[in-house]
Amino acid sequence: MLEVYGEQISSRLLLGTAQYPSPAIMADAVQASGCEVVTVSLRREMAGNRNGGQFWELIRELGVRVLPNTAGCHSVKEAVTTAQMARELFGTDWIKLEVIGHHDTLQPDVFGLVEAARILSDEGFKVFPYTTDDLVVGERLLGAGCGVLMPWCAPIGSARGPANPEALLAMRAEFSGVPLIVDAGLGRPSHAAMVMELGFDAVLLNTAVAKAGDPAAMAEAFGEAVEAGRKAFLAGLLEPRDMAVPSTPVIGKAVFE
Amino acid sequence: MKLTVNGEARQVTAATLAALLDELDYAPDFLATARNGEVVPAAERSGCTLKDGDRIEILSPMQGG
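Chains as they are written, first to last, in the working numbering: chain A, 1 to 257; chain B, 1001 to 1065.
Treat the hints as calculated values from the structure; they're not laboratory data.
Glycine residues also receive a C-beta, built at the ideal position from the N, C-alpha and C atoms.
Derived lysine to aspartate or glutamate pairs resembling DMTMM-like cross-links, with alpha carbons at most 25 Å apart: (1) B/K1051 <-> A/E88; (2) B/K1002 <-> B/D1052; (3) A/K77 <-> B/E1038; (4) A/K77 <-> B/D1052; (5) A/K77 <-> B/E1044; (6) A/K77 <-> B/D1054.
Far from chain B by the CB rule (all over 10 Å, computed), these chain A residues: (7) G145; (8) F175; (9) G187.
Next up, chain A with everything else stripped away, as it sits in the complex (with noise of 0.2 Å):
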């Protein structure tokens, strides 16, 4: 059971709502994950609109608990307003936290983040924060009040998979009692389960389902990776060896030279 803020969630997969072709084959997909958290985010209503209100309807009714964010943020203040807004729009105090430092990698800007983060968390709000893979960074973070944090591993929606497992093995060791979630650049259900496998307590992803051939499909698959990099993280990894080791016994074996 995954455990964040005090609150326990079933599923280590948390799926982002975004880019799917249609309102149905994103519901299709949540509900084929069997995930609990889903991100949503917020923006300009247009005068005379209804879509921000059909679209919460469609996320009330699948029942899963909602992770707003702060997507598209560049400044601390736009961030900090935007998690304002999206607590009294969304009633939760969770906040997925980001705030972009580069416009081509959407590479976070942890400085921004460091003191967003903090200013958040001085006004009650469970901050979930978008980071990098820096250990230093995870530290402030932490002294700034967050009780999770989200490092990515390669950038958003880039579908590259892990690109440094040995930063994301030394985060996982200096942060041994902090939940770990994997929030950007994983692409591929066996890229989820290799960060589950170095022991993260969960993975966060959109488009790698959002732009599958089949959706739902795919979010099943992330969510079946996600439970097998689990089992075999908690089950205990051969560590790799550089010689070849015999798994058949060579004692008792017949002579006939």
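Based on these hints, arrange chain B on the given structure of chain A.
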């Protein structure tokens, strides 16, 4: 009164934020609002008196990753 609503210049007659939502045909249930960068909770919209030049943001839920 001239306001900036979601980045667009608007000429309105509404005196409060609640009245503005009504004038611009917004359904108030699924919205979050801010005036000049400060959040205005739903319960405080009717008491939020608008001034010429105010910047209003009206947000609603949408898909996100």
